[in-house]
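Novice: Let's have the full structure, built from the sequences with the hints guiding it.
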Amino acid sequence: MTLPAATPPVEPLFLDGPAGRLFAVYHAPAADRPIAGAVIYLPPFAEEMNRARRMAALQARALAASGVGVLLLDLYGTGDSGGEFADARWQIWLEDVAAAAHWLARRLPGRLGLCGLRLGGTLAVAAAAAEPKRFHRLLLWQPVVDGKAMMTQCLRLRVAASMGGGEARENTDQLRAELSAGRPLEVAGYTLAPELAAAIDGVRPDGLRPGTDVAVDWLEVAAEAGRGLTPAAHRVAEGWRQHGVSVATASVAGQQFWTTQEITLAPDLLTETRRRLAAGWA
1 MTLPAATPPV EPLFLDGPAG RLFAVYHAPA ADRPIAGAVI YLPPFAEEMN
51 RARRMAALQA RALAASGVGV LLLDLYGTGD SGGEFADARW QIWLEDVAAA
101 AHWLARRLPG RLGLCGLRLG GTLAVAAAAA EPKRFHRLLL WQPVVDGKAM
151 MTQCLRLRVA ASMGGGEARE NTDQLRAELS AGRPLEVAGY TLAPELAAAI
201 DGVRPDGLRP GTDVAVDWLE VAAEAGRGLT PAAHRVAEGW RQHGVSVATA
251 SVAGQQFWTT QEITLAPDLL TETRRRLAAG WA
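Here the sequence shown stands for residues 1 to 282, where the numbers follow the working numbering.
Hints listed in this document are in silico derivations from the structure and should not be mistaken for laboratory results. It cannot be assumed that every hint is accurate.
Here are the in silico distance ranges between beta carbons for each label pair [claimed, not checked]: (1) Gly110 <-> Val159: 17 to 23 angstroms; (2) Gly239 <-> Val159: 30 to 36 angstroms; (3) Ala232 <-> Leu157: 36 to 42 angstroms; (4) Glu195 <-> Asp173: 16 to 22 angstroms.
Glycine included, every Cβ here is placed at the ideal spot set by N, Cα and C.
Specialist: Encoded structure:
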């Protein structure tokens with residue numbers, strides 16, 4: 001995807017969150033374009049956040065150049081925001097979203113949306129369900145549809161790290177028992193609090209539902225374009241539609257950049273996101 005030669009200014013800032021300072025980067029909409037709306041980007045979990053930073057920045061630049069204001073948010077305990085990862089809690093993150101929405105609404109009055117990748121997408125759904133009158137658009141990049149399965153994958157990183165280390169091999173059941181006993185775990189360099197693990201375990205978008213006034217775009221990345229959503233994601237989207245939620249879905253060709261060790265891009269995802277969000281929000 002080719003970006004315009006001139007891009008709007010970028011403003012790093014801190015805003016007040018419920019548990020501490022939150023770092024964010026604001027991309028103002030281009031002055032020569034009608035303002036289409038404003039979105040808050042919610043990042044994925046743990047190391048996926050770092051792997052996706054380049055894509056998030058490119059998305060923000062492209063949307064801003066098209067007239068959409070974007071606030072890239074580091075949730076509490078992550079990135080450059082206050083606190084440690086061990087301090088992170090799902091409820092705090094929901095309140096972080098509300099604080100960011102309040103800041104952005106004052107800076108750029110008008111219709112407000114959320115854009116999230118992976119667990120950030122699921123958090124966006126939870127935030128929209130909690131405040132159905134505040135958000136008008138949801139743009140979801142491959143949201144997590146089963147928090148327990150995602151947490152199991154996370155714990156497997158610890159299991160893999162324990163292999164060949166001369167210690168007794170751990171398994172995910174043992175690790176879950178440690179968390180259930182209230183003991184934090186070190187997983188791939190992140191201290192995982194039992195409270196956060198339990199909250200993520202219980203996260204399922206089919207148990208959440210944005211309001212019927214919220215337009216939802218659900219995009220996934222696949223080896224080939226047009227393959228449709230994964231079966232689990234399709235079931236969730238269909239369940240939302242049956243309750244009157246407007247959900248548009250698509251898959252685009254590209255690499256799942258949040259999984260790769262090197263910086264990887266998915267240009268078609270950026271193009272499709274810009275096309276959907278830059279058209280203006282009725």
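Novice: Flag every earlier hint the structure violates by its number, smallest first.
Specialist: Hints 1, 3 contradicted; others consistent.
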